[in-house]
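Line by line, the protein sequences give chains A and X.
According to the numbering used here, the stretch in the first sequence is residues 36 to 601, in order.
According to the numbering used here, the stretch in the second sequence is residues 86 to 356, in order.
Treat the hints with care, as some may be off.
[Claimed, not checked] EDC-like, lysine to aspartate or glutamate: derived pairs with alpha carbons at most 16 angstroms apart:
1. 250(X) - 142(X)
2. 227(X) - 80(A)
3. 312(A) - 280(A)
4. 368(A) - 285(X)
5. 368(A) - 299(X)
6. 538(A) - 80(A)
7. 343(X) - 307(X)
8. 227(X) - 280(A)
9. 143(X) - 106(X)
10. 520(A) - 546(A)
11. 343(X) - 285(X)
12. 111(X) - 142(X)
Calculated directly from the structure, the hints in this document are not laboratory data.
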Amino acid sequence: MAELLVKNGFVYDPLNGVNGEKMDLFAKDGKIVDKLNGRRKRIVDASGMIVMPGGVDIHSHIAGPKVNAGRLLRPEDHYRDVEPKTDKTRSGVGRSIPSTFTTGYRYARLGYTTVMEPAMPPLLARHVHEELNDTPMIDKAAFPLLSDCWFVLEPLQKGLIEEAAAYVAWAMEATRGYAIKLVNPGGLEAWGFGRNVRNIDDTVPHFNITPREIIRGLCRVNRLLHLPHSIHVHTNNLGKPGNYETCLETMKCVEDLAPSDSRPVIHVTHLQFSSFKGDDWQTFESGAEEIARYVNTHNHVTTDMGQVVFTDTTTMTADGPFQYILYQLSHNKWVNNDVEIETSAGIVPFTYKRSSFVHATQWSIGLELALLVNDPWRMYMTTDHPNAAPFIFYPKIISWLVSRIAREKLLNKVSKRARHKSLLPTIDREYTFYELAIATRAGQAKSLGLKDKGHLGVGADADIAIYNVNPEEVDPSKQYKRVRKAFKNAEYTIKDGQIVVKKGEVVKPVDGRIFWVKPELSSSRMEISPKLKEAFEDYYTVQYENYIVPEHHLAHSHPISIKTEV
Amino acid sequence: MNLRPKYLFKVPVEAQSISPDNFARKTQDEIAKLPTWEGNKQRALSELFEIDSESTDKPENVSIRVHGDVSRVKRIGFAMTAGEIIVHRDAGVHLGEEMKGGRITVGGNADSWLGAMMKDGTIEVKGNAGDYVGAAYRGSVKGMRGGTIIIHGSSGNELGYFMRKGLIKVYGNTAQFAGLHMKNGTILVMGSSDGRVGAEMTGGKIIVNGRLNEVLPTFLIDSIKQKVKVDGDEVAGPFYTFVGDTVEEGEGKLYVSKTANPHLKFYEQFL
Chain A
36 MAELLVKNGF VYDPLNGVNG EKMDLFAKDG KIVDKLNGRR KRIVDASGMI VMPGGVDIHS
96 HIAGPKVNAG RLLRPEDHYR DVEPKTDKTR SGVGRSIPST FTTGYRYARL GYTTVMEPAM
156 PPLLARHVHE ELNDTPMIDK AAFPLLSDCW FVLEPLQKGL IEEAAAYVAW AMEATRGYAI
216 KLVNPGGLEA WGFGRNVRNI DDTVPHFNIT PREIIRGLCR VNRLLHLPHS IHVHTNNLGK
276 PGNYETCLET MKCVEDLAPS DSRPVIHVTH LQFSSFKGDD WQTFESGAEE IARYVNTHNH
336 VTTDMGQVVF TDTTTMTADG PFQYILYQLS HNKWVNNDVE IETSAGIVPF TYKRSSFVHA
396 TQWSIGLELA LLVNDPWRMY MTTDHPNAAP FIFYPKIISW LVSRIAREKL LNKVSKRARH
456 KSLLPTIDRE YTFYELAIAT RAGQAKSLGL KDKGHLGVGA DADIAIYNVN PEEVDPSKQY
516 KRVRKAFKNA EYTIKDGQIV VKKGEVVKPV DGRIFWVKPE LSSSRMEISP KLKEAFEDYY
576 TVQYENYIVP EHHLAHSHPI SIKTEV
Chain X
86 MNLRPKYLFK VPVEAQSISP DNFARKTQDE IAKLPTWEGN KQRALSELFE IDSESTDKPE
146 NVSIRVHGDV SRVKRIGFAM TAGEIIVHRD AGVHLGEEMK GGRITVGGNA DSWLGAMMKD
206 GTIEVKGNAG DYVGAAYRGS VKGMRGGTII IHGSSGNELG YFMRKGLIKV YGNTAQFAGL
266 HMKNGTILVM GSSDGRVGAE MTGGKIIVNG RLNEVLPTFL IDSIKQKVKV DGDEVAGPFY
326 TFVGDTVEEG EGKLYVSKTA NPHLKFYEQF L
């Protein structure tokens, strides 16, 4: 593989403490190296441009049965956003739920190189991986939904943490998953019976267990297995007024499980949807201040924004009961599904309107959280694609983060009531490029435990994004439009040392890897299979043997072996 | 301006470039080069049509006359904002789709998706129209949002599907599901209907002046009205007035002629 030199860029590499220094980067065989020996090398002139590690998205629904059902549900969404094929790329359609290839191309154009699919029903893992196989340009991983699976609930209600851990370890390997995902823990099991849980101490029907026990149990499982990422939690009561208290409770309930090295043990995802105050939609207001205060004083939590953008999009979560509420609010067409003994799912097309008090407040909450949480290492930029907005709107969100003027300009156009209640006018903070690099790549890679991602130190994957904006000349606060434009189309995206995007156009389609974890259990725990096989006969419509996704099913499998305590 | 097909098209032709907005301020050469598709092959407009044009300044002053058989030509007048198109014989599907202004006249019949998602302007068809007149695109909930469609003949199924505003007048008959999912606006059918009128409508009004075998059971009788106002004019009744569709908690109005439908007399006992 040819060698590559990236010359003269302003490098932002927060994991190595590099803050806008003018320096050269060297890549060889897909890795960053400290010098080059060969004479034949490609030179990328990044003079006057920002150089960052390739973007990392910790939470984006890009593949799987739910995403595909969303595509089928929304022909009108694709109709206005068609990408014809070119010499290099395949054709596809966009918008809120782009087809697989288009998803890969569009992420690459934004300078992203690693994306996490955060909701994989274990039973339908094959479908997820088939779509991930067909999503080019980016490295990927998927998080299996484990919070409502009977094989997790049964040992946890008996307090058998090690047994639960053995199942989770098996499930990670069987589904080729990467992290433990919890969605409305307990609530989805209840949804199978048309019910939900009201708070984290409510009992799950037919199981003598509460969401608190599930969260704590899986948090301990996560520690026993030494999984690279923490537990990834979509809280109970998501999307309901007053849920900020549930969110605080959720974060508090694992406080004592934090290790002494202050490694985060819980990631509360799309925090905006969990920061609602008020008793109903009439008294609805922002709970961002309380949530941010808690996050600022507790190191065991990482979060991401789930930022709303005013646009037409498609909401899709594994949270069936929440989607049912959304359907009742919007009266739109919808899909709901119960995945056997594991999880559920729902899809509702949704339009966020500036004129709506609730939607405008949601928009404000996302930004308030991002600006009030002081530590960008624990607050990442996402839209929970496509729930709060499609990921193509990231450059817009960047402009709101770096410029007070940009966000106030929009604030003046939103619902008057929302504007008067918004905290945004009281917040002066503006992200620097350094903080932006943390919130969009370095922090997320660190939280995910992806050691070769999110930085440009020697040995890291040579995933580099170059944006054509000069930090010495452009004042992002005032010239936010320049920043937005630059981040919309990366000047160069380099994936594994190869130039894949040039001036916002895909010049070289490449396949990405699929990461998954391979926990190593002690020999006594390996004997989980006979019992599990029996349970499969009782509970599932598929056979044990057919359930496991074979490794050769993954086009570019990249297992990460981990030593466990089980 | 005159357009005439050079030969009888065997495969569908996509001709959304035929619109006053695209023809205005262009020389004959530029118009000749406008892109179209014949099946999967891209063609210049002049490869398919004989064009005889004069230069015009504004779309408002452009009048395009389409001669010959264009029943396989799709999307004529797509998103036009002003001016006029006259199709002398039958027109193909998606005529006047997303139209925003101006006028389209069809001498013969129009195929399906006539005036789909149109916002303003007028379409008049001397003959019959196909299915999905003034409808929303598949999956969309935004159908016709303004303007007027007048059909002198009959129309097919799902007339005014997801209609939100505007007026559709059918002087002949209409097939099933007129006003399906309708939210607002007016549909006037002077002839008869094959039934299921107003299914899942939430607002707007539908007038059936002829025979309607059956009103959906989810519509409730409200009153008998002597006349109904349509776009400033009055249509003389008397009409049975129904409200529905109750499955969608709708408040749409369905007016059905009393004289043409003596078999609906049993509803009077519920008044």
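Against the structure, test the hints numbered earlier, and report the numbers of the ones violated in rising order. Going through the list in order, the structure violates hints 1, 2, 5, 8, 10, 11 and respects the others.
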